[in-house]
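Number of protein chains: 2
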Amino acid sequence: MVVREEARKMKLAAPHMAAASEETRNAALAKIIETLEENRDAIFRENAADVQAAEDANVAKAVIKRLKFDENKLRDAIAGIRQMIGLEDPVGKVTLRRELDEGLVLQRVSVPIGVIGVIFEARPDALIQISALCIKSGNCAILKGGKETARTNKILFGLVHGAAVAAGLPESCLLQVELHNEIDELLKCQGDVDLLIPRGSNQFVQYIMDNTNIPVMGHAAGICHIYLDEKADLAKSVPVIVDAKTQYPAVCNAVETLLVNRKIAADALPVVLEALVAKGVKLRGTKEVAELVKVLQAAGKLGGQKAGAGVDVTCQNAGESLIDAGAYDVEVMGEEDFATEYTDLIISLKLVEDVAEAADHVNKFGSHHTDCILTEDDAAAEYFLQMVDSAGVYRNCSTRFADGFRYGFGAEVGVSTGKLHARGPVGLEGLVTYKYRLIGNGQLVGDYVSGKKQFHHRDF
Amino acid sequence: MVVREEARKMKLAAPHMAAASEETRNAALAKIIETLEENRDAIFRENAADVQAAEDANVAKAVIKRLKFDENKLRDAIAGIRQMIGLEDPVGKVTLRRELDEGLVLQRVSVPIGVIGVIFEARPDALIQISALCIKSGNCAILKGGKETARTNKILFGLVHGAAVAAGLPESCLLQVELHNEIDELLKCQGDVDLLIPRGSNQFVQYIMDNTNIPVMGHAAGICHIYLDEKADLAKSVPVIVDAKTQYPAVCNAVETLLVNRKIAADALPVVLEALVAKGVKLRGTKEVAELVKVLQAAGKLGGQKAGAGVDVTCQNAGESLIDAGAYDVEVMGEEDFATEYTDLIISLKLVEDVAEAADHVNKFGSHHTDCILTEDDAAAEYFLQMVDSAGVYRNCSTRFADGFRYGFGAEVGVSTGKLHARGPVGLEGLVTYKYRLIGNGQLVGDYVSGKKQFHHRDF
Chain B
-5 MVVREEARKM
5 KLAAPHMAAA
15 SEETRNAALA
25 KIIETLEENR
35 DAIFRENAAD
45 VQAAEDANVA
55 KAVIKRLKFD
65 ENKLRDAIAG
75 IRQMIGLEDP
85 VGKVTLRREL
95 DEGLVLQRVS
105 VPIGVIGVIF
115 EARPDALIQI
125 SALCIKSGNC
135 AILKGGKETA
145 RTNKILFGLV
155 HGAAVAAGLP
165 ESCLLQVELH
175 NEIDELLKCQ
185 GDVDLLIPRG
195 SNQFVQYIMD
205 NTNIPVMGHA
215 AGICHIYLDE
225 KADLAKSVPV
235 IVDAKTQYPA
245 VCNAVETLLV
255 NRKIAADALP
265 VVLEALVAKG
275 VKLRGTKEVA
285 ELVKVLQAAG
295 KLGGQKAGAG
305 VDVTCQNAGE
315 SLIDAGAYDV
325 EVMGEEDFAT
335 EYTDLIISLK
345 LVEDVAEAAD
355 HVNKFGSHHT
365 DCILTEDDAA
375 AEYFLQMVDS
385 AGVYRNCSTR
395 FADGFRYGFG
405 AEVGVSTGKL
415 HARGPVGLEG
425 LVTYKYRLIG
435 NGQLVGDYVS
445 GKKQFHHRDF
Chain V
-5 MVVREEARKM
5 KLAAPHMAAA
15 SEETRNAALA
25 KIIETLEENR
35 DAIFRENAAD
45 VQAAEDANVA
55 KAVIKRLKFD
65 ENKLRDAIAG
75 IRQMIGLEDP
85 VGKVTLRREL
95 DEGLVLQRVS
105 VPIGVIGVIF
115 EARPDALIQI
125 SALCIKSGNC
135 AILKGGKETA
145 RTNKILFGLV
155 HGAAVAAGLP
165 ESCLLQVELH
175 NEIDELLKCQ
185 GDVDLLIPRG
195 SNQFVQYIMD
205 NTNIPVMGHA
215 AGICHIYLDE
225 KADLAKSVPV
235 IVDAKTQYPA
245 VCNAVETLLV
255 NRKIAADALP
265 VVLEALVAKG
275 VKLRGTKEVA
285 ELVKVLQAAG
295 KLGGQKAGAG
305 VDVTCQNAGE
315 SLIDAGAYDV
325 EVMGEEDFAT
335 EYTDLIISLK
345 LVEDVAEAAD
355 HVNKFGSHHT
365 DCILTEDDAA
375 AEYFLQMVDS
385 AGVYRNCSTR
395 FADGFRYGFG
405 AEVGVSTGKL
415 HARGPVGLEG
425 LVTYKYRLIG
435 NGQLVGDYVS
445 GKKQFHHRDF
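For the record, the sequence lines run as chains B and V.
Note that the first sequence covers residues -5 to 454 in this note's numbering.
Note that the second sequence covers residues -5 to 454 in this note's numbering.
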């Protein structure tokens, strides 16, 4: 397959896809549900082959878990599509209706972006979710999934594409790209592909961003922060920190850096660190933090029986002294190391003087993804929410909430840390743009330049 | 000056600029009006020096006209700022307010983009307009104007910046870059500059787009089309074509290509071409058009006394035979030449079978700027407006209306032919993005993953 030629074909089909009625697009989604249910056994068979191949290749268990497509995952995927059918049509919304002058009417109408290339990790439900989002929003899509789910992706794509075409969508509405080297061909399709959405490792996303002239939406890094303020409620805050770091450390919205107000550090660190270490989190931090931790240990305030007692840190063994004292050793890191995304059970620690220093640190070292303040002080919270320049600014809740499903968008094609177009979790609204329609009756600009006529700009 | 260092300083000031109240931003605009009025004589003096230098260098008269900053232009500039003060604040608009679950509230709030670099042509009013747009929208801006207005820009920038700081905006809210080689430094400021808006020639804008990793908003080419449909009302349509081509041919929203329905070509071309040629427009076209024009001339239907009579083509000498018959010669052009922006009194001509072929041509050779159908047929119009993939799709009016002021946006920083973020004329709304604010009370994602809690997603 020559990707360039296929992309050009798709570009020509895009206006027809964009013109498909809401009924047709929803009918396609319903047909996808139908065909997935009818072909469940064949899908599971192909998936078992992918899983077997991964096991034979000694792929890590955590990865294999993600490759598996079982009854539960199929049920969730179908529930997701069903929810999407019920969501409001993102296409054809009139967001401005203005009479510029007598009989000269301007409308701004939402329209699909056109042709979108999505490159995603080896997760079978991703193919279904992304296809559904693109169909619902009237976009044509070129899909490239991870190679570890090649057989599952192949059967899923065939079923999804067949259902879409059977419902009346253009043949070129969806295209599957299967070979890794075809990604480089895709990157050269400017003019035909309107948008690329890469998902995966930092390096991979950065590679895409550096090697194409097509606009890219997504995030290379997810360096999320929590700032534990002087006025934080520790009983409420510690579980939030633990959730944000440990609930799923491999994802972009997990916290990487904890900033602690210096005034409460000696009291707060014992509780926080016991809870984190009990979950197996490794500590890194400034020299100041490393020294403070040593002092706290020497004073029996950290790693002892009493520390953390009475605070529900949602981890069973916090407050017990079963943990090796060495687990509290803080590996000293330099300033520039704070721009590191671990996606692992490691956390960076730093003390700051106040919320202003915290916000400055986040703006300097963060990736503008999602950052949180833990505080009972309204003024400090407002300062943080206002001054931190990130897609998500949170107060008193886990950074892990940064997700299209949790925001109620039905699903997401990715999370954007760019500032243009869509920011944060990107759902249907991020997959449309708009056009201006101007309807006249022979109006000339010359008449307005000469002063013969005047605009009156009346909004309906 | 080291642009990189200044941009970094500005980046740190950007959250403070973004937090400036509407009152402060409007006060800054009011103070700019005041200082411009107080210093009018000094401004005119500097401008006279620029004009003198241009005259000494034998710069073309049309260009010199644009350089001049006189009473009228100052009055218009001030009227523009006054209008902007009255416009609704684009910052702080809540566009989504949703309770994800009990006590967990998500808001999407509009915020300034941050640091914007604008590179604009030698037009003194541009500096004032762009500064005002950025101040009103809470953005910091780096400004580089054309060298032919260097002295005017310098005094204007000093006055505008002084007024903004006096009103309470941060010292780093605006920066002027004066040397041409500093543009290349600016292009390397990714991370500190959030957006570049280049204005100027195709080649210049393309150079910017090809040489930076910073997102660029704007348009390289403005290849606008008019399709004259079978059911067009000629008396209404011919003046629209003339206005779109000749009212100001040097700008991006002037029409470059006229597509004519083959069925009416023999009747319509004489009227259309007489009107265009009378305005000095040179003709290019397909071989088919060139031959048809020869036939029409031979038959006395083109260039004779009768052609165009009775149709008001808003040009005095249409219908008269004072024009040299050679002016109707159509220079034959190839397919690929249709992707040419003339920004001059030249028009490309092609016959098409129907509206579908017209839309295909526009999508293939256009620049997705602004395209128009002239027709009384609602079905043909709807097809064109739906299928043409451009920022502006028009019916029965001049493409020259594609302009922020004419759309009622107060002013524009440029016109975008990209599909992401802002499309078409870009006013205040295109200079803001949004952030999500999530306010909780200790909520953990783990509780939702385990099923202990459920989202209810209630919009306020």
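Hint data in this document are derived by calculation from the structure and do not stem from the laboratory.
One or more of the hints may lead you astray.
Which copy is meant is left open, so a pair is good if it fits within one copy or across any two.
Claimed, not checked - Lysine to aspartate or glutamate pairs mimicking DMTMM-like chemistry, simulated, CA-CA at most 20 Å apart:
1) K295 to D331
2) K182 to D318
3) K447 to D70
4) K295 to D318
5) K225 to E31
Values in this document were obtained by computation on a predicted structure and should not be read as measured data.
Evaluated hints:
1. K295 to D331: Intra 28 Å, inter 79 Å, cutoff 20 Å: neither.
2. K182 to D318: neither (54 Å within a copy, 49 Å between copies)
3. K447 to D70: between (59 Å within a copy, 17 Å between copies)
4. K295 to D318: Only inside one copy: K295 and D318 sit 15 Å apart there, 100 Å across copies, limit 20 Å.
5. K225 to E31: neither (53 Å within a copy, 50 Å between copies)
Comparing the model with each earlier hint shows violations of hints 1, 2 and 5; every other hint is respected.
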